[in-house]
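2 protein chains.
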Amino acid sequence: LNTKAQEQMEQHLNSLTKPFGSLGLLESLAIKIAGITGNAQPNIDPAMVVLMASDHGVTVEGVSAYPSEVTQQMVRNFITGGAAINVLSRASNASVQVVDIGINGELQLPGLINRKIRFGTNNMVQGPAMERTEAVSAIEVGIEVAQSAIQKGARLLALGEMGIGNTTASSAMVAVLGQLSVDQVVGFGTGINTDEKVKKANVIKRSIEINQPNPADPIDVLAKVGGLEIAGLAGIVLGAAAARVPVLIDGFITAVAALTAVRMTPACVHYLIASHQSVEPGHIFVNKLLGLQPLVNLNLRVGEGSGTAIALPIVRSAIKIANEMSTFEQAGVSGS
Amino acid sequence: LNTKAQEQMEQHLNSLTKPFGSLGLLESLAIKIAGITGNAQPNIDPAMVVLMASDHGVTVEGVSAYPSEVTQQMVRNFITGGAAINVLSRASNASVQVVDIGINGELQLPGLINRKIRFGTNNMVQGPAMERTEAVSAIEVGIEVAQSAIQKGARLLALGEMGIGNTTASSAMVAVLGQLSVDQVVGFGTGINTDEKVKKANVIKRSIEINQPNPADPIDVLAKVGGLEIAGLAGIVLGAAAARVPVLIDGFITAVAALTAVRMTPACVHYLIASHQSVEPGHIFVNKLLGLQPLVNLNLRVGEGSGTAIALPIVRSAIKIANEMSTFEQAGVSGS
Chain A
7 LNTKAQEQME QHLNSLTKPF GSLGLLESLA IKIAGITGNA QPNIDPAMVV
57 LMASDHGVTV EGVSAYPSEV TQQMVRNFIT GGAAINVLSR ASNASVQVVD
107 IGINGELQLP GLINRKIRFG TNNMVQGPAM ERTEAVSAIE VGIEVAQSAI
157 QKGARLLALG EMGIGNTTAS SAMVAVLGQL SVDQVVGFGT GINTDEKVKK
207 ANVIKRSIEI NQPNPADPID VLAKVGGLEI AGLAGIVLGA AAARVPVLID
257 GFITAVAALT AVRMTPACVH YLIASHQSVE PGHIFVNKLL GLQPLVNLNL
307 RVGEGSGTAI ALPIVRSAIK IANEMSTFEQ AGVSGS
Chain B
7 LNTKAQEQME QHLNSLTKPF GSLGLLESLA IKIAGITGNA QPNIDPAMVV
57 LMASDHGVTV EGVSAYPSEV TQQMVRNFIT GGAAINVLSR ASNASVQVVD
107 IGINGELQLP GLINRKIRFG TNNMVQGPAM ERTEAVSAIE VGIEVAQSAI
157 QKGARLLALG EMGIGNTTAS SAMVAVLGQL SVDQVVGFGT GINTDEKVKK
207 ANVIKRSIEI NQPNPADPID VLAKVGGLEI AGLAGIVLGA AAARVPVLID
257 GFITAVAALT AVRMTPACVH YLIASHQSVE PGHIFVNKLL GLQPLVNLNL
307 RVGEGSGTAI ALPIVRSAIK IANEMSTFEQ AGVSGS
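So the sequences go chain by chain: A and B. Quick note: the first sequence uses our numbering, first residue 7, plus one each step. Quick note: the second sequence uses our numbering, first residue 7, plus one each step.
It is worth saying that the hints were derived from the structure and are not from the lab. Every value quoted in this text rests on a predicted model; they were computed, and no experiment measured them. Hints are supplied without guarantee of correctness; some may be wrong.
To spell it out: a stretch of chain B is covered by chain A in this simulated footprint if at least three of its residues, at any positions, have a beta carbon under 8 Å from a beta carbon of chain A; those stretches are [stated by the list, open to error]:
no., region
1, 63–76
2, 108–122
3, 172–178
4, 210–221
5, 305–312
By construction, the Cβ of each residue, glycine as well, lies at the ideal position given by its N, Cα and C atoms.
Looking at chain A on its own, in the form it has when it is part of the complex (with noise of 0.2 Å):
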């Protein structure tokens, strides 16, 4: 991080025409993003949503409300336009670039980024979702992406993803990389009952027993109870905080990656900004991990990025204060 374009934002904002302090959370991220971009007069735009799109092998163990094939479908409503991300990144104006990196079928759909390692992840339950170099490869893929998005213009990330069962994945990991109780890091996902519920923690205990993941080791983490979107994403944050890009995270799956890339490079994690309070549960393990303190909770659960588009705004308002605001000597106004 940048200290110098820190302390000369922080001087400027106690310029401006306000209370000492007074505009809280919009004052510490304008900080931060000095930090990050090295710019006293930062500037995020253009904004890119990077929707990583996976399929998990787990799925048939019947730990998701919606059957397998939603990750497809929903990627189709996604390149037409029609999804929660869509709507909410077009009122927020930000772009969103959509990959496969994993999902379980050929789709050939203009815009559609195909990436795909391979087709979904094995069934975690009777052995490793996925080969330690496949997820190596998901990884450097997330790198590239991020690489190539930053080179066309882009000045912040913002992760989003689908991938049917991805809860699933996304609260053994964390509970992995956390050493946390599985029962207290498993949710509803998309909305299954209390009786699925007890079923998808189960299933999550097992999926430990058998791969017996090393907490000390990301990747292998990653490899045996994790997925390719969430590979993916670890690999944007790592690309993004490379070239000194701020990377908007968005719920519970997303949360998880983020804290991958942070197990991997430790130094990632100043290049992090939450959006959203998640309402799964293993979410705020995670942001307590990460030591990010998401900036609104509208209690939404349907992921995509959704959560990034609806606090985009908000970061963009933050960088705007710090840019536009009048000072006390140009307004004419007396201090405190």
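Please arrange chain B on chain A, whose structure you already have, making use of the hints.
Just chain B now, kept in the frame of chain A:
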């Protein structure tokens, strides 16, 4: 409220390509606005921030971190576009209308609406802040300003305020209206210290003691320990609710104004949307009395309507979700 439009909205939201209820508060907001406007495809644009400014005689007691002249200086700043509310409302595509309802000085500025009732209030420690007839006139100004804004096309009104000393008046009002202890509701305002806060609480206690405002008579409370901008903003709520236009509340002061309107006409409460949770402790009590849950908590304490401008894109997103998302049927996505 139009319950038919609410039901239509709820049914429509349940047909959209997302897990049932997964857009949380965005869905509740869309249903609420359908009920307010009587339209299952509502629109809240153009949105306007009505910022009422006035002075408070009680400032001579040293209750604020800033001198009383800052009210006028900031009004000039609003008109030239350099204040926080200007930057934030430009970012959120809302207009700002500034009303002088009781500034202690002659101001002739382009775009400033002059509806001055008197040159600031009296010092409420020594007697009523204003006459009852003046409080009524200020409420009437608010109703008229709301009617005029709506006639010019505004579909959502957001409340903003400026008035050095107005957290003192608001704290007094909520202590009386909510029958709460002054120490519970008094806060640091724009940035006084702990000793000054004790002094502020004593000033409020003496004001209540000498004036004996009647908790069952909101106009009596307004006149004795309130303020002209608070009365005007209560009028905005009354005028907007009568025209079935949603009202976005900012922080503590505007929430007290909304509570005053609700005590006059209880049905007004259905037309209110709380934007942000302010740092002022009294705000929590007012929200509890109103039964409202703010959309964001960013530790703001700048006033001016700043929280409404931050929350406006969220409200707009809720509407856009309803108006623009695909249904399961349209997108060919399997249900749960």
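Hint check:
1. 63–76: holds (count 5)
2. 108–122: Check failed, 0 qualifying residues.
3. 172–178: violated (count 0)
4. 210–221: violated (count 0)
5. 305–312: Contact hint for the region 305–312 of chain B vs chain A: holds, 5 residues under 8 Å.
The earlier numbered hints that this structure contradicts are 2, 3, 4.
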